Amino acid sequence: MSSYSVTEPSGRQKWFAGILVVVYAVITLLPLLWIIGTGFKSPEDAIAYPPKMVFQPTVEGYVNLFTTRTRVPEDQLKALGEPATWYDKLVRKEGVVITGASRFAERFCNSVIIGFGSTVLCITLGTAAAYAFSRFKVPLKDDLLFFILSTRMMPPIAVAIPIFLMFRSLGLSDTHAGMILLYTAVNLSLSVWLLKGFIDEIPIEYEEAALIDGYTRFQAFYKVVLPQAVTGIASTAIFCLIFAWNEYAFAVLLTSGNAQTAPPFIPTIIGVSGQDWPAVAAGATIFLVPVMVFTILLRKHLLRGITFGAVRK
Amino acid sequence: MLHSPIDRVASATPPAIAARIRGLSDRAIAWLFVAPSIVLLLAINIFPLIWTIRLSFTNFRVNRPNAPIEFVGLRNYINILSDSDIWQSMQATAHFLIWTIVLQVLIGFSLAYLINKKFRGNDLWTTIIVLPMMLSPAVVGNFWTFLYQPQIGLFNYVVGFLTGNDPSSFSMIASTSLAPWAIVIVDTWMWTPFVMLICLAGLRSIPNSIYEAAECDRASKWRQFWTITIPLVLPFLMLAVLFRGIENFKMFDLVVQLTGGGPGSITELTSVNLKRAAFEQWRTGYASAYAVILFVTVFGLASIYVKALNKVKQR
Numbered sequence: 001m002s003s004y005s006v007t008e009p010s011g012r013q014k015w016f017a018g019i020l021v022v023v024y025a026v027i028t029l030l031p032l033l034w035i036i037g038t039g040f041k042s043p044e045d046a047i048a049y050p051p052k053m054v055f056q057p058t059v060e061g062y063v064n065l066f067t068t069r070t071r072v073p074e075d076q077l078k079a080l081g082e083p084a085t086w087y088d089k090l091v092r093k094e095g096v097v098i099t100g101a102s103r104f105a106e107r108f109c110n111s112v113i114i115g116f117g118s119t120v121l122c123i124t125l126g127t128a129a130a131y132a133f134s135r136f137k138v139p140l141k142d143d144l145l146f147f148i149l150s151t152r153m154m155p156p157i158a159v160a161i162p163i164f165l166m167f168r169s170l171g172l173s174d175t176h177a178g179m180i181l182l183y184t185a186v187n188l189s190l191s192v193w194l195l196k197g198f199i200d201e202i203p204i205e206y207e208e209a210a211l212i213d214g215y216t217r218f219q220a221f222y223k224v225v226l227p228q229a230v231t232g233i234a235s236t237a238i239f240c241l242i243f244a245w246n247e248y249a250f251a252v253l254l255t256s257g258n259a260q261t262a263p264p265f266i267p268t269i270i271g272v273s274g275q276d277w278p279a280v281a282a283g284a285t286i287f288l289v290p291v292m293v294f295t296i297l298l299r300k301h302l303l304r305g306i307t308f309g310a311v312r313k
Numbered sequence: 314m315l316h317s318p319i320d321r322v323a324s325a326t327p328p329a330i331a332a333r334i335r336g337l338s339d340r341a342i343a344w345l346f347v348a349p350s351i352v353l354l355l356a357i358n359i360f361p362l363i364w365t366i367r368l369s370f371t372n373f374r375v376n377r378p379n380a381p382i383e384f385v386g387l388r389n390y391i392n393i394l395s396d397s398d399i400w401q402s403m404q405a406t407a408h409f410l411i412w413t414i415v416l417q418v419l420i421g422f423s424l425a426y427l428i429n430k431k432f433r434g435n436d437l438w439t440t441i442i443v444l445p446m447m448l449s450p451a452v453v454g455n456f457w458t459f460l461y462q463p464q465i466g467l468f469n470y471v472v473g474f475l476t477g478n479d480p481s482s483f484s485m486i487a488s489t490s491l492a493p494w495a496i497v498i499v500d501t502w503m504w505t506p507f508v509m510l511i512c513l514a515g516l517r518s519i520p521n522s523i524y525e526a527a528e529c530d531r532a533s534k535w536r537q538f539w540t541i542t543i544p545l546v547l548p549f550l551m552l553a554v555l556f557r558g559i560e561n562f563k564m565f566d567l568v569v570q571l572t573g574g575g576p577g578s579i580t581e582l583t584s585v586n587l588k589r590a591a592f593e594q595w596r597t598g599y600a601s602a603y604a605v606i607l608f609v610t611v612f613g614l615a616s617i618y619v620k621a622l623n624k625v626k627q628r
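In the order they appear, the protein sequences are chains V and X. Just so we're aligned: the first sequence equals residues 1 to 313 in our numbering. Just so we're aligned: the second sequence equals residues 314 to 628 in our numbering.
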């Protein structure tokens with residue numbers, strides 16, 4: 001390449017572009033940092049005016065998130081004596097004592113079980129289907145692929161009523177198995193389309209060589225194609241996980257307690273006086289951090305994942 | 314009869330390999346691999362959809378399972394199309410769609426254009442900008458109600474600080490004139506990066522040689538932008554609009570947590586409205602008809618749009 005190019009932006013242009021983008025990035029980041037920061041504030045600091053940038057960090061929000069608190073009358077409080085535990089000490093203001101565990105841990109576990117369960121199922125079904133679509137002459141291939149994609153266009157509420165009825169009669173409502181099946185179906189289109197793109201990129205010659213060496217189709221699939229597709233499978237899995245992790249509409253409409261995930265729970269965290277913002281922020285932080293880490297890891301495949309492989313970088 | 318050695322080899326080889334490729338035929342494997350996915354999608358997507366269509370012609374109510382189910386023909390559809398509340402939520406949805414798409418395309422494209430200047434560290438900043446769209450809309454929406462609090466909320470404070478207004482004098486989510494903008498702002502914050510990423514892919518797909526040729530022809534930068542950059546990015550941009558349009562038409566989680574459809578029903582988008590009919594008023598038949606209308610609308614609009622998109626692509 002020559003040192004001079006008409007398409008290479010000048011130094012000044014780069015500088016100007018850089019500054020504008022950084023300003024936008026900082027504006028974007030501000031609400032996120034505010035969530036994380038609020039999680040470490042005391043309830044008074046969280047609702048201080050003007051909003052506090054510098055504050056004394058505390059884990060009270062996290063304690064409030066994982067526990068249930070009750071207000072106790074003054075005399076009873078005195079009878080209880082000194083707070084026994086450090087976390088009780090943290091919330092022993094305004095006559096509040098810890099009475100037990102909140103349901104956050106349980107809901108979070110549900111998110112993990114349903115998220116991972118549906119991801120494993122989705123990847124298993126998706127890889128098989130994607131391989132078949134990529135390598136074989138499947139009758140009505142284009143129609144089937146479009147059909148799979150079109151299932152994504154349906155508003156969740158539009159099918160929620162019959163799914164609600166169906167799950168009720170099958171005994172699947174408010175169960176982990178039911179939600180895993182549902183989220184698998186929701187994410188299957190993404191999984192098939194994305195994996196098909198990844199498998200299309202693996203040269204077919206590898207399998208042909210394996211077949212000539214005496215492998216069966218099946219052996220060629222799992223000994224040759226699968227190891228080659230492993231990066232694609234991993235990033236598809238993370239996308240399925242993130243979608244299931246963040247899903248709210250089905251979770252709030254079809255579950256009531258047993259299998260409810262964290263997104264419907266976090267907004268319902270109420271303190272002694274209205275919404276307990278530090279606890280909400282603590283819950284949001286715990287819930288958002290894995291996704292943020294995955295986003296950073298996924299940088300390279302991000303575009304593909306969010307556009308179902310329709311656009312490649 | 315085969316006599317020459319070459320003929321014998323030629324005829325012997327294929328069966329030998331075929332015999333070693335044991336097990337299922339390709340056709341059987343293809344079916345075996347595709348079938349589970351199709352069956353699951355039929356069971357959890359198509360079957361419910363057909364059920365919804367069937368329910369839409371009845372007066373069934375989920376909370377009254379023992380009441381006789383009557384076939385009411387098109388009455389649900391007629392009721393919906395003559396209901397002013399529903400037209401109002403259609404209008405709210407249209408307003409939301411138009412503004413989010415306009416803002417996200419303008420800001421997203423500008424950002425992509427700037428990032429394409431390849432300044433130092435642009436990868437890091439791009440990753441930061443992309444973060445919001447990976448987060449849970451419900452959780453984020455809930456937290457934004459905090460940022461929108463008059464006085465104590467960060468958003469109000471910053472806006473108050475910048476404009477010189479008293480931050481406690483306005484509430485984004487409690488005022489009928491500001492609430493629609495409150496959801497537009499959060500949606501734009503979350504999804505502009507999506508448009509940006511697609512535009513960036515579009516910009517990077519334009520070969521430098523086209524600009525070099527234009528430079529030789531002494532085309533101005535402005536002219537290059539309008540005759541090269543824009544037309545070549547347009548198909549990407551249209552794809553981004555399609556994805557955003559479909560997603561925002563279904564918009565539910567963010568709005569429910571942010572404004573809950575209020576104040577009054579000013580931000581009650583169609584999904585929220587539908588949820589109220591189906592899961593609060595339990596008018597199942599009526600809600601099913603509503604769902605069918607929404608589905609036909611989104612499917613119809615998307616199909617027309619995809620046709621236009623394909624035309625642009627072929628140009």
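Everything labelled a hint here was simulated from the structure, so no lab data went into it. Wrong hints could be hidden among the right ones.
[Stated by the list, open to error] Pulled from the structure, derived: some chain V residues nowhere near chain X, Cβ distances all over 10 angstroms:
#1 A17
#2 V21
#3 P50
#4 R71
#5 D75
#6 K78
#7 E82
#8 T99
#9 S150
#10 A158
#11 F164
#12 G171
#13 E201
#14 P203
#15 Y206
#16 P264
[What the hints assert, rightly or not] In silico DSSO-like links for lysine-lysine, alpha-carbon gap of 27 angstroms or less:
#17 X:K431 with V:K141
#18 V:K52 with V:K93
#19 X:K534 with V:K14
#20 V:K141 with X:K430
#21 X:K626 with V:K300
#22 V:K14 with X:K620
#23 X:K431 with V:K300
#24 V:K14 with X:K624
[To be verified] Label-pair ranges, simulated between beta-carbon atoms:
#25 V:G257 with X:R433: 47 to 53 angstroms
#26 V:A105 with X:F612: 50 to 56 angstroms
#27 V:L170 with X:S397: 19 to 25 angstroms
#28 V:E205 with X:I543: 15 to 21 angstroms
Source: prediction; values computed, not measured. Ideal placement from N, C-alpha and C gives every residue a C-beta, glycine not left out.
Going through the hints against the structure:
| no. | hint | in the structure |
| --- | --- | --- |
| 1 | A17 | violated (4 angstroms) |
| 2 | V21 | violated (5 angstroms) |
| 3 | P50 | violated (6 angstroms) |
| 4 | R71 | holds (23 angstroms) |
| 5 | D75 | holds (33 angstroms) |
| 6 | K78 | holds (33 angstroms) |
| 7 | E82 | holds (33 angstroms) |
| 8 | T99 | holds (25 angstroms) |
| 9 | S150 | violated (8 angstroms) |
| 10 | A158 | violated (4 angstroms) |
| 11 | F164 | violated (7 angstroms) |
| 12 | G171 | holds (15 angstroms) |
| 13 | E201 | holds (17 angstroms) |
| 14 | P203 | holds (18 angstroms) |
| 15 | Y206 | holds (16 angstroms) |
| 16 | P264 | violated (7 angstroms) |
| 17 | X:K431 with V:K141 | violated (41 angstroms) |
| 18 | V:K52 with V:K93 | holds (21 angstroms) |
| 19 | X:K534 with V:K14 | holds (16 angstroms) |
| 20 | V:K141 with X:K430 | violated (41 angstroms) |
| 21 | X:K626 with V:K300 | holds (25 angstroms) |
| 22 | V:K14 with X:K620 | violated (38 angstroms) |
| 23 | X:K431 with V:K300 | holds (17 angstroms) |
| 24 | V:K14 with X:K624 | violated (35 angstroms) |
| 25 | V:G257 with X:R433: 47 to 53 angstroms | holds (52 angstroms) |
| 26 | V:A105 with X:F612: 50 to 56 angstroms | violated (41 angstroms) |
| 27 | V:L170 with X:S397: 19 to 25 angstroms | violated (39 angstroms) |
| 28 | V:E205 with X:I543: 15 to 21 angstroms | violated (40 angstroms) |
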